[in-house]
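What follows is each chain in one-letter form.
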Amino acid sequence: MALMKIVRDVKLGAKTLLLHKLRSMLTMLGVVFGVASVIAMLAVGEGASREALDRIRMLGSDNIMLHSVKPTEQPEDRGQRQRILSYGLHYEDERRIREHFEHVVRTAPVKEIRQDARLGERSHELRVIGTTWAWFALVPRPVIAGRVLAERDMDQTSNVVVLTEHGARRLLATEQTIGNRIRIGDGYYEVIGIVQNEEASGETQIPDSRVDAYIPLPVARERFTDFHVRRSAGSMERERVELHRIIVQVNDNEHVESTAAAIERMLANNHPNGDYSIQVPLQLLRQAEEQQRIWNWTLASVAGISLLVGGIGIMNIMLASVTERTREIGVRRAIGAKKRQIVSQFLIETLLLAGLGGLVGIAVGPLLADRIESLSGIPTIVPTYAILLSVGISVTVGVAFGLYPAARAANLDPIVALRHE
Amino acid sequence: MTSQLTDAGPATAPAAEAYAAGGDDERPPIGAPVVVLEDVHKHYPMGDQVVRALNGVSLELRRGQFWAIMGPSGSGKSTMLNLLGCLDRPTSGRYVLNNHDVSDMSDDELSDIRLRELGFIFQSFNLIPQLTVRENIELPLYYQGWPAAASLQRATETAERVGLGDRLGHRPAELSGGQQQRVAVARALASDPQVLLADEPTGNLDTSTGQMIMKLLSDLNGQGKTIILVTHEAEIAAWARGRIHMRDGGIERIEGDG
Ligand SMILES: Nc1ncnc2c1ncn2[C@@H]1O[C@H](COP(=O)(O)OP(=O)(O)O)[C@@H](O)[C@H]1O
Ligand SMILES: [Mg+2]
Chain L
3 MALMKIVRDV
13 KLGAKTLLLH
23 KLRSMLTMLG
33 VVFGVASVIA
43 MLAVGEGASR
53 EALDRIRMLG
63 SDNIMLHSVK
73 PTEQPEDRGQ
83 RQRILSYGLH
93 YEDERRIREH
103 FEHVVRTAPV
113 KEIRQDARLG
123 ERSHELRVIG
133 TTWAWFALVP
143 RPVIAGRVLA
153 ERDMDQTSNV
163 VVLTEHGARR
173 LLATEQTIGN
183 RIRIGDGYYE
193 VIGIVQNEEA
203 SGETQIPDSR
213 VDAYIPLPVA
223 RERFTDFHVR
233 RSAGSMERER
243 VELHRIIVQV
253 NDNEHVESTA
263 AAIERMLANN
273 HPNGDYSIQV
283 PLQLLRQAEE
293 QQRIWNWTLA
303 SVAGISLLVG
313 GIGIMNIMLA
323 SVTERTREIG
333 VRRAIGAKKR
343 QIVSQFLIET
353 LLLAGLGGLV
363 GIAVGPLLAD
373 RIESLSGIPT
383 IVPTYAILLS
393 VGISVTVGVA
403 FGLYPAARAA
413 NLDPIVALRH
423 E
Chain R
723 MTSQLTDAGP
733 ATAPAAEAYA
743 AGGDDERPPI
753 GAPVVVLEDV
763 HKHYPMGDQV
773 VRALNGVSLE
783 LRRGQFWAIM
793 GPSGSGKSTM
803 LNLLGCLDRP
813 TSGRYVLNNH
823 DVSDMSDDEL
833 SDIRLRELGF
843 IFQSFNLIPQ
853 LTVRENIELP
863 LYYQGWPAAA
873 SLQRATETAE
883 RVGLGDRLGH
893 RPAELSGGQQ
903 QRVAVARALA
913 SDPQVLLADE
923 PTGNLDTSTG
933 QMIMKLLSDL
943 NGQGKTIILV
953 THEAEIAAWA
963 RGRIHMRDGG
973 IERIEGDG
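Chains as they are written, first to last, in the numbering used here: chain L, 3 to 423; chain R, 723 to 980.
Don't take each hint at face value.
What the hints assert, rightly or not - With a straight-line cut-off of 25 Å between C-alpha atoms, the simulated SDA-like cross-links for lysine to any residue are:
(1) K341/L with Q852/R
(2) K23/L with M768/R
(3) K340/L with D826/R
(4) K7/L with R856/R
(5) K340/L with L897/R
(6) K17/L with A871/R
(7) K341/L with V362/L
(8) K341/L with D826/R
(9) K341/L with I835/R
(10) K17/L with D888/R
(11) K340/L with L874/R
(12) K340/L with A872/R
(13) K23/L with G891/R
(14) K341/L with N275/L
(15) K341/L with A870/R
(16) K340/L with I835/R
(17) K341/L with I752/R
(18) K341/L with L414/L
(19) K7/L with G978/R
(20) K340/L with D823/R
(21) K341/L with G891/R
(22) K23/L with Q852/R
(23) K7/L with D823/R
(24) K13/L with D823/R
(25) K17/L with I835/R
(26) K23/L with R856/R
(27) K341/L with P869/R
(28) K7/L with G891/R
(29) K17/L with Q852/R
(30) K23/L with R893/R
(31) K17/L with A895/R
(32) K341/L with V397/L
(33) K13/L with V362/L
(34) K340/L with D888/R
Claimed, not checked - Per the computed footprint, the stretches of chain L lying under chain R, defined by three or more beta-carbons under 8 Å from a beta-carbon of chain R, are:
(35) 16-27
(36) 408-422
Stated by the list, open to error - Which chain L residues stay away from chain R? Per the calculated CB distances, all over 12 Å, these:
(37) P73
(38) I86
(39) R124
(40) S125
Worth flagging that the hints you see were computed from the coordinates, not collected in a lab.
The beta carbon of each residue, even a glycine, is placed where N, CA and C say it ideally should be.
Using the sequences and the hints, build the whole thing.
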C-alpha cells in the first residue's frame, strides 16, 4: 500500500518533470557530470595508487633493504686514483644481522657481478647475483622450470646457476637448457632452473629487476673475489665490495621499524663513513599511502565542487519551479494538502533529478575513466566505493538542494499563493 | 452545450461508497448549524495603523443553505471567505465549522478540516495544468489517501455528474472556460464535503456559461450541499436563497433565509 503510494508519487513527479523535458535534462546534466567526474577522479587516484603501492609491496612490507653506497670522494683522494677503494656492507654484517636480531627471520646477502656469458653460439653480458637459498624465500617468484638454489648448493664447488626468464631470453635458453652448462666468465655452470622475474618500472627498485642469473654466494666469492672493476668516464676504477645488498626479512610488520632502527645503530657503529643506506618499504608504503590520501582528497574535492555546482543548478531550477507553480501550491493547500505533503512533492522531484542524474553519471564515470586511461596512459581503476559514494552523494545533493525550495513552497501562505499571477 | 447534471442525486458506486462511508453518519441533519461565527475580528496591521477587515461579525449558517456574500470592494468579502474556508484564522472571536472549533487550530489541523469539510471553487478555476481532468478531480481523494481504484471510480462518477464524463483524459488547456469551471466544481465535490465555497465563480465566464455554472451549483444545493459564494453581481446573487450584505468589515443586512 505504502509502496504503491510512493510509486504513484514518483510517477506524478516524473510527469511534472517531463513537462519541461529540456529544462529537466539540462538540470540533470550538472549532476551527471558531477558524479561522473567524482568517479573518474577516484578511478584515476585509485589506479595511480594501486600501481605505486603494488610496486612497494613487491619489495615486501616486512623487509628491510640495505645497500652499499660508495662514499662521496674527498678532494684529497683525487690524486690517489690508483688506490683501491674499499667500502660497503660486509659478510660479517650479514651474519650479525641474521644471528643477533630477535625478529629477523632470514637475510639474503647479494653480491652483484657483471660477466660475459655464453650458451652454445650465443653470448651476452649478464647481471649475475651471488646469493643464498634464502633469496628465493624472500623474493618468491614462480619457477618456470627446474629448481631454485637450495641449502646444499651453498658451498664453493657447487657450480650451478638459476636463470631468470630475462637472462634466459638473453642467452636463448629454454626449458631444454636445464641440465646443460653455460659459461660465465671463466667457469662453467650447470643450469638448474629458470624463474620468473619482475620487470621494474618507475623509481622503486624491485630486488630482482634487471637480474639475469643467480649463483651460490660461496661460488661467487671464490670465482670472482670481492674486487670489482668499475668503468666510468673512460677510466677504470678498481674497488672492493663484499656485499652490494642485504635483504632482511622481519617476522612481523610490527617489528619492522624497530628492527630497522636497531640495524641502523649497529651499522652506524661499524661504518663510520656512512657507506651504506637503509630502506624500509613499510615506511615507503606508509608515505605513499599518506600521499595517496592527500591526492585522493584533492581529486575528490575538485570533483565535489563540480557536484556542488550541479546541486546549485538543481536548487536554482527548483526555486524557479516553485515560483512558477505558486498558484498550484496555493490550490493544493486550499484543497487540504499539509505542508509536509508539499515538501515531499517537491523533494521527490529534486530527488528524481538528482537520482537519475546520478545513475547516468555512474554509467558515464567509468567511460570517462577509460577515456582518460587511453589518452594519458595513467591506469585507472573504478573502486566499488566510488560507485556507492556517488549514489550517496547524488541522493544527498537532491535532499540538500531540494529541501530549501520545497520548504519555501510549503511555507507559502495559501491565500497569497492563490492570488499569485 | 447543455448541462448534463443528473437529477438522480449522487450516484455513488459501492466501492467508493464503502470507502467514504462512516463520515456520513457524523453529519448533522439538514438545518443544523454548519457555520457559526461569534464576534469574529480580522485585523491587519498596516504601518502604525490597523485595518479592521472584519470587525465583529456574528453569523449562523445552516446545513443545506445557499448564501451569497455581497458588498462593495474592500468591504471584507474575501477576508470572510478565507476565514470560512479555514485558510486563515481570526484575530479574535470564535469560528465553529460543523462542530469543529477551528479558531485556534494548527496549520495541519486546518489542512485536515479543509480536506474533509470544504470544497473550493475559484474565480480563475485554478486547475493544475499538468494534470488531466481526472487527476485534477482526484486531488482531494489523493490527499485523503484513497486507494487508486476507488479514487478512479469516484473521479469518473463525479466527472459524469458535472457532464464531463467524456473529458477525463484531457488537460485543462484543452477545455473551454465553462468546462474548466465544471471540472473545478467536480474537484470540490469529489470527496463529498459538507460545504462548498465559491469566490466569484462566474467572474471569468460569459453570461450564459455563468448561468450554467449557477444552475449546477443550485442543483447541488438542491441535493443538500451548503453553498456560500462571494459575488458583486446581483444577477448571480439572485441564484442564492439568501444574501449577506457587507460593509466596512461588518454585516450591513441579511436578505432572505438561505
Ligand atoms: N493581507 C492583507 N493585509 C492588509 N490588509 C488587507 C489584507 N487583506 C485584506 N486587507 C484589507 O482588508 C479590507 C477588506 O479586504 P477584502 O476582504 O479583500 O475586501 P473585498 O474582498 O470585499 O474587496 C480591505 O481594506 C483590504 O485592503
Ligand atoms: Mg475580494
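Query - List of violated hint numbers, smallest to largest - result: 2, 5, 7, 14, 17, 19, 21, 23, 24, 25, 34
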